[in-house]
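Undergrad: Chains A and B supply the protein sequences, listed in that same order.
Residue 1 is where the first sequence starts when you use our numbering, and the numbers rise one by one after that.
Residue 1 is where the second sequence starts when you use our numbering, and the numbers rise one by one after that.
It should be emphasised that the hints constitute simulated quantities derived from the structure, not laboratory data.
All values derive from a computational prediction rather than experimental measurement.
Fair warning: there could be bad hints in the mix.
Far from chain B, some chain A residues (derived; all Cβ distances over 10 Å) [stated by the list, open to error]:
1) Phe116
2) Val117
3) Arg134
4) Thr155
Calculated cross-link-like contacts (lysine-lysine; reagent style DSS-like; alpha-carbon spacing at most 27 Å) [stated by the list, open to error]:
5) Lys203/A <-> Lys28/B
6) Lys203/A <-> Lys31/B
7) Lys203/A <-> Lys29/B
8) Lys29/B <-> Lys210/A
9) Lys212/A <-> Lys28/B
10) Lys210/A <-> Lys31/B
11) Lys29/B <-> Lys212/A
Here a beta-carbon is modelled for each residue, glycine too, at the ideal position from N, C-alpha and C.
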Amino acid sequence: MNLSLFILSIIIMVCNLVWIIFLTPMVPDQEWAQKIFYLHVPLAWSGFLSYFLVMLSGLGYLFSRNLQYDRIGHAAAEIGTIFTGLVLLTGPIWATPIWGKPWIWEPRLITTLVLFVIYAGYFILRNVGIYRQRVALISAIIGIIAFLDIPIIFTSVNFWAAEIQSHPQMGMSKQPSGILSPFLFSLFAFTNLMFTMLFLKMKVLYLEDKEKNYV
Amino acid sequence: MYNYLEYFLAAFLVVFTVILVWFVLNIKKLKNL
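Just need the whole structure built from these sequences, with the hints factored in.
TA: So this is what it looks like as structure tokens:
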């Protein structure tokens, strides 16, 4: 992995945290709980971007049968799953004081949980011990199919009954001033972190494949 | 007024502990390969 990218990611993330903790305004009624939003939403965005890369690399593998695409897909799937797992943990931490309970069976939460479970299956499948090229082929297919859940997550708030929606649906333009800039910076910081992790993981997977003579 | 600071700290610790552990494990792997 490129060391300068790693150091840059740390600097960006430290700046991001200083901004979030010390310089963002307190929102009435939610106070510190609202600041979880600066971690939760960028994690969700970066996680979905990772899964998009899994889908693209899956298509790349199907067309080329080049294991390099499988390594990109595997690395992106791992990071996407970690980020989605963190989304599923930080969401309930925010919801406990604000909704009064950590989890409700609401469309966006259910569809995100389904995405996480699909990828849990993806990793179980990668480890069942079938030969390398077969794992790559099946993983590519699952990566493409699993991505279909992401548009469902985004549109779930529209096609399920409004009375069971409890997700904040306020547009960013309606947020109090002083929130948009740190939020966009946090999006950038987590996207940058995601790519740093992706390059590190790809290097690890490449060396693992090399050790087993797949490269 | 209640400020919910412990909820933010909990979310913060969960996120950065998981990411830090991931980095430690993968850098260790990288060194061993």
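Undergrad: Are the hints correct? Go through all of them and say.
TA: Right, here's what the structure says about each hint:
Against the 10 Å criterion, Phe116/A stays outside the reach of chain B, whose nearest CB is about 14 Å from its own CB. Look at Val117/A: its CB is around 18 Å from the nearest CB on chain B, clear of 10 Å, so calling it non-interface holds up. Non-interface status of Arg134/A relative to chain B is upheld: no Cβ of that chain comes within 10 Å, the nearest being about 23 Å off. Every CB of chain B lies more than 10 Å from the CB of Thr155/A, the least distance being 27 Å, so the non-interface label holds.
A threshold of 27 Å between alpha carbons decides the hint, and for Lys203/A with Lys28/B the separation of about 12 Å falls inside it, so the pair holds. Proposed proximity of Lys203/A and Lys31/B is supported: the alpha carbons are some 11 Å apart, at most 27 Å. Pair hint Lys203/A plus Lys29/B holds up; C-alpha atoms about 10 Å apart against a cutoff of 27 Å. Between Lys29/B and Lys210/A, the direct Cα distance comes to roughly 14 Å. Compliance with the 27 Å bound is thereby established for this hinted pair.
Of the supplied pair hints, the one linking Lys212/A and Lys28/B holds, its CA atoms being roughly 18 Å apart against a limit of 27 Å. Between Lys210/A and Lys31/B the alpha-carbon distance is near 14 Å, which keeps this suggested pair within the 27 Å criterion. As the CA atoms of Lys29/B and Lys212/A are separated by approximately 15 Å, the hinted pair is consistent with the 27 Å bound.
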